[in-house]
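Asks: As a plain string of letters, each chain reads:
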Amino acid sequence: MPDWLHIAIPPAPLLFAQLLVGLINGAFYAMLSLGLAVIFGLLNIINFTHGAQYMLGAFCAWFLLSWLGLGYWPSLIIAPIVVGAAGIVMERLFLRRIAKLDHIYGLLLTFGLALIIEGAFRQAYGSSGQPYVIPPELQGAQNLGFMFLPTYRAWVIGASLVICLATWFVIERTRLGAYLRAATENPVLVQALGINVPRLVTLTYGGGVALAALAGVLAAPIYQVRPQMGSEIIIVVFAVVVIGGMGSIMGAIISGFALGLIEGMTKVFYPEASNTVIFMIMALVLLVKPAGLFGRAA
Amino acid sequence: MRIARLAAIAAALTVATAAQAQITQDTVKIGVLADMSSLYADLGGSGSVEAAKMAVADFGGTVGGKKIEIVSADHQNKPDTGAAIARQWFDQDGVDMITDLTTSSVALAVQEVARAKNKVILVSGAASSDLTGKACAPTSVHWTYDTVALANGTGAAVVKAGGDSWFFITADYAFGHALERDTSAVVKANGGKVLGDVKVPLNTADFSSYLLQAQASKAKIVGLANAGGDTINSIKQAAEFGIVAGGQKLAGLLVFLSDIHSLGLQTAQGLQLTESFYWDMNDETRAWSKRFFEKTKREPTMNQAGVYGAVTAYLNAVKAVNSVDGPTVMKKMKATPINDFMTKNGHIREDGTLVRDMYLFEVKKPSESKGPWDYYKLIATIPGEEAYKRPNGNECPLVKG
Amino acid sequence: MSGLSRTATNRIWTVSLLLLAIAAPFFCYPVFLMHALCMALFACAFNLLLGYVGLLSFGHAAFLGGGAYIAAHVMKAWGWPPELGILAGTAAAALLGAVFGWLAIRRQGIYFAMVTLAFAQMVFFLALQLPFTGGENGIQGVPRGRLFGVLDLNNTYIMYYFVLAMFLVGFGIIVRTINSPFGQVIKAIRENEPRAISLGYRADHYKLVAFILSAALAGLAGSMKALVFQFAALSDVQWGTSGEVVLMTLIGGLGTIFGPVVGAFVIVTMETYLAQAGSWVTIIEGVIFVICVLTFRQGIVGVILPYITGRHRQPLGQPAAMPETAPTKIPEAVGGPS
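Chains as they are written, first to last, in my numbering: chain A, 1 to 298; chain B, 1 to 401; chain C, 1 to 338.
So here's chain A without its partners, still in its complex pose (with noise of 0.2 Å):
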């Protein structure tokens, strides 16, 4: 047999390790389109300043253990606050004035500001990158046999699925959840019965960035803390937003770690096509199913 056949065609465990890899950047995936969601449901507003707020998260781990000293831990639960914080500020400042438009002046809006925070980052510190290490704990790697898995990925899709599934059930299982879907059906009955709507929306998009800015903490040991990070994910993310249907959670979780999956199999057996994958299904689901996959048909 050939060498390259070898590459070409691969041995059952290089494929358990491939897919294995694929969950990980499918949780990534996962997380960043459950905020994306929840923000889409709610507010009706596609956040491209999504990918900024997850670089934004990264940065802020990065400033707090450069800055403070503080390590890995506190800024898992410190900066998803402090981004957090900031897009409430945003909120309040900008998309606000917006809400009654188009959805498309809302993609064009954050559009612009993600621009603007990118560039700022940019000016400000390069764009090779700053390091950021993993945290003792979490080094090292556990040999499974068919494949050497580092600690840290193991515990980035096991943080991914305990931060999806808490984000599910609070959204469909609790009095809060059911009081969001309430405001999303019709802002202005539920407003009638009491509550204070535009609040709820607000700290909803704070909660969408969170996940965002938590997503972007988890990122920082594995990926460089690089300016450049968000905006080389959001439009995939995008991708796995509508195929999930916008809005839906369950559908972006599932389609999140799906689409991992998929790509991790495309990197072994086409790897120029990776980036390119996603935006094929994404064109095949809207034609077949214009909601995508788990959404309600408008």
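No wet-lab data here; the hints were simulated from the structure. Treat the numbers as computed from the prediction; the structure is a model and nothing was measured. It is possible that some hints are incorrect.
As the list claims (entries may be wrong) - Just the calculated beta-carbon pair ranges, DEER-fashion:
(1) C:Leu274 - B:Gly264: 31 to 41 Å
(2) A:Ala99 - C:Gln184: 27 to 37 Å
(3) A:Arg97 - B:Ser367: 55 to 65 Å
(4) B:Lys389 - A:Glu272: 49 to 59 Å
(5) C:Gln184 - A:Ala182: 37 to 47 Å
(6) A:Ile77 - C:Val175: 50 to 60 Å
(7) C:Arg176 - B:Glu395: 14 to 24 Å
(8) A:Glu272 - B:Phe293: 38 to 48 Å
(9) B:Gly264 - A:Glu272: 25 to 35 Å
(10) A:Leu15 - C:Leu130: 25 to 35 Å
Backbone N, C-alpha and C fix where the C-beta goes; we use that ideal spot for every residue, glycine too.
Position chains B and C against the provided structure of chain A, taking the given hints into account.
Replies: Relative to chain A, chains B and C alone:
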């Protein structure tokens, strides 16, 4: 009323645009066309502008009675943007020479413009050996390094040290392909073999899948034919997935000092790489770098140091021939040996390559480093003639054969 | 002067702008002007879709870049003359537009934007991978050649007037379309699609024709750009270019005839003359985006036109409702202050 208003607007427009059309004849203009904002801003960018300014200041600020002026712009790593700026600089702004030109695709595009207009370009930041190979141009010099020199440096050294089977993780664009092609040729010429490769889309954040493929190939050496953020990410993640712990070695084929600074020594230690300059080599390099550091708060990369050397050599040639005519200046430059703080006894080959010694470095362990920027130890010096020798000959039409 | 009729004012406007365009290369850098004209045509083509049909395409770069690549390839590799090269680029973009449009117009709003983005990303992938496209180097060194075998396009001025002529042709097609019965129907579809359908108009059919026309004109702009810069570049098919054309249209004035032209000139000027500023260009673009969306949704033309042409006069025979319309179903999108 309205007509008057219209006329006023038209007049204002005319004045505004006419003001931009001035032509400079009493100055020698040098353009620094760099990546100021994107992937490679740290290894060239504003540091290159600073280096060019230092060269002009050291030269005395004037040449042949004419003031020397520096202009700079950001090509954003887009060849069309770069070519458009170069065209405008040559056509309209009276720029006589362009330097830096980080990113191979931009350098190739600007070289086409320069060829058509017979202007001098001195490429410092770009890597692809095609610049002096099949795309070579009579008035351009590839100054600081190229993919052939990198391959002859890192590639040959690694094979000779026993790393005779390779797997490439290659950035899927022309520069990555050139780096892989040149390194493969050197590996094979030294008796090694290439087991496989994987082409990775540009700006990939996650390399784990490709690293696993490299691991499965059982190659002794994983060659990283990429640059900037891609190299940083792949080295970082290779450490995570135990590539080195598993007995394979990484060969970073194009790594800059700024990349090591980003990575940190903990991750980068032991990496072998080829560069044409390191700030801490001798008194001369330290003295120059100290001045550079005072201005930029960073130690210079080889690209930035190369810009200084290129600008100085250009000004010397302009002074000698008392002209800024491209072919005339280039003839003089090719006839003059290059000697400055980073280049000793260099000369410009007919195809436009600056032939100079290259250095094989190894990244220090954290315990060996005395502090920030103390990163490299010298392993070997590769003589210029050896470093820039193409194993498969040169396709450049300027040098027959 | 206030006694002048509307048509007379328009005529003065048109003639003085035309004179300005003809004189421009003698006091302004011609390549910059050609670049701006190409982008202006691109933005006008995009505006035809967003401003008059109400469809936000987030993948128009595919047509600009597609046209550029095909034109560059046939002129460089096959040695076609420039007029045929441009024809080929335009035709290729129209074909691409027919396929994408046929699939995409079934969706609306944000889903339409996403489908077009997805298709554009596939075109980007092809542009990176196909053997003839040169990867991220693009197709360089495209010969300008001789137009109809006579006019040497290597002469900057001849090239400029050719670009200007092609721009005027494209612009004329758009103006004619908007003011034709066809234009009235697409505007009716934008305002209220169900009603237009109930009146017996096949809305999808009209949308598709508008989409193909927009794609073809974007392809024409791309082909011209390839000829001007002798270069088909990968960034022409990148999604950033799709975002940029939205910015140009928005800043100039959505749904106005001259808006995209003004927007294109503003953005190209900024990118050309602020190139020294590095990341600041991105930041400034972002700020403009935000300001436009928050306070300035009529764009430059939407705001200053009423001032210049007199309050109730409309430019170039536009229907009276023009400045109030928006690409959305919600009227306050453009009208009311927020």
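Asks: Holds or violated: 27 to 37 Å for the Cβ distance of Ala99 of chain A and Gln184 of chain C?
Replies: holds (32 Å)
Asks: Taking 25 to 35 Å as the hint, is the beta-carbon distance of Leu15 of chain A and Leu130 of chain C inside that range?
Replies: Given about 29 Å between the Cβ atoms, the range holds.
Asks: Falls inside 49 to 59 Å, the C-beta gap from Lys389 of chain B to Glu272 of chain A?
Replies: Violated: the Cβ-Cβ distance is about 32 Å, outside 49 to 59 Å.
Asks: Given a hint of 31 to 41 Å, does the C-beta separation of Leu274 of chain C and Gly264 of chain B actually sit inside it?
Replies: Given range 31 to 41 Å: holds, Cβ gap about 35 Å.
Asks: Could you tell me whether the CB distance from Gly264 of chain B to Glu272 of chain A stays inside 25 to 35 Å?
Replies: With a Cβ separation near 31 Å, Gly264 of chain B and Glu272 of chain A satisfy 25 to 35 Å, so the hint holds.
Asks: Starting from the hint 55 to 65 Å, judge whether the C-beta atoms of Arg97 of chain A and Ser367 of chain B obey it.
Replies: With a Cβ separation near 57 Å, Arg97 of chain A and Ser367 of chain B satisfy 55 to 65 Å, so the hint holds.
Asks: State, for the Cβ atoms of Gln184 of chain C and Ala182 of chain A, whether the hinted interval 37 to 47 Å holds or is violated.
Replies: Since the Cβ atoms of Gln184 of chain C and Ala182 of chain A sit about 42 Å apart, the hinted range of 37 to 47 Å holds.
Asks: Per the hint of 38 to 48 Å, is the separation of the Cβ atoms of Glu272 of chain A and Phe293 of chain B within bounds?
Replies: holds (41 Å)
Asks: Look at the Cβ atoms of Ile77 of chain A and Val175 of chain C and judge whether their distance stays inside 50 to 60 Å.
Replies: holds (59 Å)
Asks: Is it true that the C-beta distance of Arg176 of chain C to Glu395 of chain B lies inside 14 to 24 Å, as the hint says?
Replies: Roughly 52 Å apart at Cβ, these two residues miss the hinted range, so it is violated.
When each numbered hint is compared with the structure, violations occur for hints 4 and 7.
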